[in-house]
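The lines below spell out each chain.
There are 2 protein chains.
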Amino acid sequence: MTFKDELGRRAAEVEEYLVTCLRGRGTPARLLESMEYSLLAGGKRLRPVLVLAWNGLLGGETDKAMPFAASLECIHTYSLIHDDLPAMDDDDLRRGRPSNHKQFDEATAILAGDGLLTEAFGLMSAASIFKGLPADRVLRAIHVVAGAAGAGGMVGGQAVDMEFTGRTGVPLEELKTMHAMKTGALITASCECGAILSGADEADIDNARRFGRNIGVAFQIVDDILDVVGDTATLGKPVGSDEAMGKSTYPALMGLEKSKSLAKDYVDEALTHLSGYFGSEQEFLWQLARYIVDRVY
Amino acid sequence: MTFKDELGRRAAEVEEYLVTCLRGRGTPARLLESMEYSLLAGGKRLRPVLVLAWNGLLGGETDKAMPFAASLECIHTYSLIHDDLPAMDDDDLRRGRPSNHKQFDEATAILAGDGLLTEAFGLMSAASIFKGLPADRVLRAIHVVAGAAGAGGMVGGQAVDMEFTGRTGVPLEELKTMHAMKTGALITASCECGAILSGADEADIDNARRFGRNIGVAFQIVDDILDVVGDTATLGKPVGSDEAMGKSTYPALMGLEKSKSLAKDYVDEALTHLSGYFGSEQEFLWQLARYIVDRVY
Chain F
1 MTFKDELGRR AAEVEEYLVT CLRGRGTPAR LLESMEYSLL AGGKRLRPVL
51 VLAWNGLLGG ETDKAMPFAA SLECIHTYSL IHDDLPAMDD DDLRRGRPSN
101 HKQFDEATAI LAGDGLLTEA FGLMSAASIF KGLPADRVLR AIHVVAGAAG
151 AGGMVGGQAV DMEFTGRTGV PLEELKTMHA MKTGALITAS CECGAILSGA
201 DEADIDNARR FGRNIGVAFQ IVDDILDVVG DTATLGKPVG SDEAMGKSTY
251 PALMGLEKSK SLAKDYVDEA LTHLSGYFGS EQEFLWQLAR YIVDRVY
Chain B
298 MTFKDELGRR AAEVEEYLVT CLRGRGTPAR LLESMEYSLL AGGKRLRPVL
348 VLAWNGLLGG ETDKAMPFAA SLECIHTYSL IHDDLPAMDD DDLRRGRPSN
398 HKQFDEATAI LAGDGLLTEA FGLMSAASIF KGLPADRVLR AIHVVAGAAG
448 AGGMVGGQAV DMEFTGRTGV PLEELKTMHA MKTGALITAS CECGAILSGA
498 DEADIDNARR FGRNIGVAFQ IVDDILDVVG DTATLGKPVG SDEAMGKSTY
548 PALMGLEKSK SLAKDYVDEA LTHLSGYFGS EQEFLWQLAR YIVDRVY
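Residue numbers (the working numbering), protein chains in the order written: chain F, 1 to 297; chain B, 298 to 594.
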């Protein structure tokens with residue numbers, strides 16, 4: 001089995017849970033349809049896979065951590081729905097289909113996002129009741145996720161990103177901070193809460209957090225690079241055209257080659273936090289980290 | 298001290314906590330400003346006051362339950378910000394000031410709402426860590442709040458309300474269900490989670506829930522009545538003009554007098570769930586329930 005097959009197998013396991021996790025909670029039909037339209041639109045399920053892999057690496061059971069895995073995907077999905085809104089990035093398409101507010105309407109899209117965010121906390125808080133996880137662990141994990149998703153994390157990062165748009169000459173440090181909040185925080189929280197739920201000690205939780213933080217940055221740099229490289233290959237747009245759109249990116253700020261090498265450095269740093277572990281989950285996380293940066297080499 | 302003085306004293310106690318509860322969490326300045334603009338815009342603080350009164354009635358400490366009290370106000374505030382958006386009710390004013398998206402901009406208002414909702418769960422999950430409440434109680438209370446605020450509760454109710462707008466002849470039963478979700482669920486959850494946090498037994502928690510459910514309905518009926526009566530008095534609009542706006546209300550569906558008497562019935566039913574208790578918190582809750590309906594008599 002290749003790494004990509006294994007990633008697909010794990011994503012399919014998450015998918016199976018996602019398909020039913022919003023049901024049976026009294027949600028009006030059209031709202032549920034809208035929430036599931038976006039939640040079940042595919043995607044790599046990176047965040048849930050990270051929750052489960054770190055949980056498994058440190059001795060946790062997949063079944064028990066699954067509500068958290070699903071919650072992180074719910075939160076990620078809500079952020080995409082709200083980011084696509086006309087008042088935000090105004091995107092009509094998402095994953096090759098009409099974005100939520102195009103398929104439904106703006107009010108429904110706002111509420112679908114609000115619903116997914118709230119249901120995420122419903123799922124997480126039920127993990128103790130229905131899965132028998134210790135309440136203090138679950139509570140700590142919820143606190144980590146709330147901090148990462150909130151105004152000092154993902155939501156704050158999106159606010160800063162909106163302020164950056166159209167502004168030229170954003171310093172690299174500010175760009176890094178924005179990305180650490182907007183995308184990095186939730187990726188980090190995925191690893192960290194997987195570790196917390198397993199009952200691991202502080203040193204292990206710290207490794208999970210640092211692994212997450214580093215692949216989060218690498219992931220963002222690679223995303224920026226693929227924007228440029230992808231465009232050049234498929235549309236023939238010149239390298240650096242994102243800059244003209246008023247968007248600060250790593251390639252725009254430091255060039256393509258330096259960006260690639262920086263992404264590799266972050267992945268290498270992430271891998272140091274895996275070096276003390278063994279077994280299939282360690283192997284999987286190692287390859288996942290490598291996979292992020294391999295896409296641009 | 299009159300009941301209104303006592304209500305004001307309790308609201309001021311909540312206010313003191315609200316003023317600082319969003320600080321120190323790394324929120325970008327403008328986003329924090331926007332969140333606090335709406336959170337600190339006054340209001341009766343009904344939900345926090347209910348949390349604390351039920352908590353106190355059943356032996357809980359105010360200081361420990363305060364993060365939950367604040368969280369319920371954060372959730373209520375976020376719902377008002379999102380409801381006011383152009384895609385929803387499109388209201389330019391809220392409590393006599395520009396609504397959030399008018400004072401800031403639409404993107405900021407969406408994110409301020411998202412931030413308040415997420416921070417609410419951050420505050421609640423920290424209540425065990427910083428206030429020493431038992432984790433299982435806190436987790437159960439979070440689960441109750443998430444259920445009430447989510448797609449099967451408040452968010453779902455707003456979705457149904459949007460579907461109702463402009464539709465004539467909405468049956469009374471459907472109107473009741475919509476209100477029970479949109480406003481009733483969070484009021485009920487306020488009472489219930491106050492009881493849960495105090496460590497009360499199931500019978501007490503059930504009383505809190507039923508008290509909340511009944512005053513929630515009464516509160517909505519009175520709101521509908523005040524829309525009509527208030528308008529007639531101040532603007533000279535005829536009774537029933539809301540009907541012309543395509544909005545189903547209790548007075549429109551059953552007339553003013555029958556609505557008043559129905560509100561009174563719900564308050565009387567609520568009071569039966571207080572009859573077994575004694576002391577200052579019982580007295581306060583009793584008067585609070587009476588106060589709701591007294592406004593239209």
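Derived from the structure by calculation, the hints contain no laboratory data.
Don't take each hint at face value.
[Claimed, not checked] Estimated spans, in silico, between C-beta atoms of each pair:
| # | chain 1 | residue 1 | chain 2 | residue 2 | range |
| --- | --- | --- | --- | --- | --- |
| 1 | B | S572 | F | I129 | 51 to 59 Å |
| 2 | B | A326 | F | G166 | 13 to 21 Å |
| 3 | F | G8 | B | K428 | 58 to 66 Å |
| 4 | F | G199 | B | S572 | 39 to 47 Å |
| 5 | B | F461 | F | I129 | 29 to 37 Å |
| 6 | B | L469 | F | G230 | 54 to 62 Å |
| 7 | F | F130 | B | G496 | 19 to 27 Å |
| 8 | B | P431 | F | T168 | 36 to 44 Å |
| 9 | F | L93 | B | D402 | 19 to 27 Å |
[What the hints assert, rightly or not] Cut-off 25 Å, straight-line C-alpha distance, at most; resulting in silico cross-link-like pairs (DMTMM-like, lysine to aspartate or glutamate):
| # | chain 1 | residue 1 | chain 2 | residue 2 |
| --- | --- | --- | --- | --- |
| 10 | F | K102 | B | D388 |
| 11 | F | K44 | F | E269 |
| 12 | F | K102 | B | E403 |
Being a predicted model, the structure only gives us computed values, none of them experimental.
Idealized CB from N, CA, C, for every residue including glycine.
Against the structure, the hints:
no. : hint                           : result
1   : S572(B) to I129(F): 51 to 59 Å : 31 Å, violated
2   : A326(B) to G166(F): 13 to 21 Å : 19 Å, holds
3   : G8(F) to K428(B): 58 to 66 Å   : 44 Å, violated
4   : G199(F) to S572(B): 39 to 47 Å : 46 Å, holds
5   : F461(B) to I129(F): 29 to 37 Å : 34 Å, holds
6   : L469(B) to G230(F): 54 to 62 Å : 56 Å, holds
7   : F130(F) to G496(B): 19 to 27 Å : 22 Å, holds
8   : P431(B) to T168(F): 36 to 44 Å : 53 Å, violated
9   : L93(F) to D402(B): 19 to 27 Å  : 24 Å, holds
10  : K102(F) to D388(B)             : 23 Å, holds
11  : K44(F) to E269(F)              : 23 Å, holds
12  : K102(F) to E403(B)             : 18 Å, holds
Hint compliance for this structure: hints 1, 3 and 8 are broken, all remaining hints hold.
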